Amino acid sequence: MTTGTVTPDLDAFRALARSLRVIPVTRRFLADGDTPVGLYRKLAAERPGTFLLESAENGRTWSRYSFVGVRSRATLTESGGAARWLGEPPAGIPREGDPLDVLRATVEALHTPHELADFSGAGLPDLPPLHGGMVGYLGYDIVRRLERLPELARDDLRVPELMMMLATDLAVLDHADGTVLLIANAINWNGLESGVDEAYRDAVARLDAMTADLARPAESSASYVQGGVTPEWTSPWGGAEYRKAVDAAKEEIRAGEAFQIVLSQRFEMPTAASALDIYRVLRTTNPSPYMYLFRLPGPDGGAEGGFDIVGSSPEALVKVTGGRAMVHPIAGTRPRGAGPEEDAELAAELLADPKERAEHLMLVDLGRNDLGRVCAPGSVEVVDFMSIERYSHVMHIVSTVVGQLDEGRTALDVLAACFPAGTLSGAPKPRAMEIIEEFEPTRRGLYGGCVGYVDFAGDLDTAIAIRTALIRDGVAYVQAGAGVVADSDPVGEDTECRNKAAAVLRAIATAATLESAR
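With the UniProt record's numbering applied, the sequence shown covers 1 to 518.
These are computed hints drawn from the structure, not numbers from a lab.
Take the hints with a grain of salt, since some may be wrong.
Said to hold, decoys possible - In silico DMTMM-like links for lysine to aspartate or glutamate, alpha-carbon gap of 20 Å or less:
| no. | residue 1 | residue 2 |
| --- | --- | --- |
| 1 | Lys244 | Glu434 |
| 2 | Lys42 | Asp208 |
| 3 | Lys244 | Asp487 |
Computed from a prediction, not measured in an experiment: that's the story for all the values here.
Modelling step: build the complete structure from the supplied sequences, incorporating the hints.
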């Protein structure tokens, strides 16, 4: 294992630049004493436009890679219904228009197809799944660009429909061999041949800066943690009002308007804790397949007016790798048992519950139908059906549906076909969303949308924005929902919302108690 060398060298870079506009320039180090949080502190320093992504399969086994977004050259957002860039995007990319169209145009302009992105001859054979691309979130309400919905709910938080960072500089911690790969994507910003050498020199300079930050001694992160903290939250719409809405939704279902309607409620709590400290607690108390921290810039591109996202989502919205799409419906919930025996009893009860099984089957069918819109005929199949996945506070019934993209389709086509998740809206999806708009008093914003990335090769990995906190101006907002069907118990659905929000609310409360061990 050779470390410390910049790859590719300039000659190999020039050869790659004949066909590629984006080329990763890398340097690898043995860093078996560094942690993902420690790397984020040293390299990203909690700046706006940075992120941390991690994963724990089944809430237990940590995945191979952790990704630190060190720098974003530009961020695509939305203001007044139109796309807006913070920072300077590369030449040839639209500066205005429909945000989804601009996102698509950006991915196409910087596209590095798998068949062309063979970096092995340039010394880059083992790049991780994410080595650059557009990273961030699409809020639930961006669905209004895909479906016609009534305008009834108040937009009280006024969260942008999307914020997608053009992630150019990353550090990837490989837990398998204890190395960290520093990546500075060299983007030919003006698209001209004369810009090739300049792009390489700029990338090497950014690698040097990251290397210097990596070598800095880090302050100790050892902290005292107070256990058993009870979160104190308020809900603008919950309790009796929520249960009344569940009864009203059941009437809509009995009238034949829908089969299922996912009604959610929002929990709010003041916090003095930093987003990073909340993430530190959440990743240890509720490890999940998708864990994320985003520090997002304000309207001027800096910290002023920005906000943070911290989450630990168990559920993929859609994942596309090499033309193969996957959705992972989760529906059916029970709290965890006090011990193994009670846990097993609750799991058996969940799998035997006719309501939960019917609800889950309906959402598996919805996932198959969504993929069927963009996948090759006959390629969609259920490869895992009704398994139990356990997390810190709850367990769920899960299934996995896969399909092969049809010719001419892209990962963003799959995202549009599957957005929002049926598990966060209901069935049939368009009518369920109309009823949600009638019953929920405020727009959902981030909740029920997705977080994740689409990379330069066109692959995509997104999680549903659940078990997630949006933190702005000293207030944390957490939202959770339950699937209402004809025989739903309003008290039970209200309790389910609180159970789903519990892990995040408790992490926020606990993070406020952290004290440095000095």
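Structure-based check of all given hints:
A hinted pair counts as satisfied when its Cα atoms are at most 20 Å apart, and Lys244 with Glu434 qualifies at roughly 18 Å. Among the hinted pairs, Lys42 with Asp208 is consistent with the structure: their alpha-carbon atoms are about 14 Å apart, no more than 20 Å. For the proposed pair Lys244 and Asp487, the alpha carbon gap of about 14 Å is at most 20 Å, so the pair holds.
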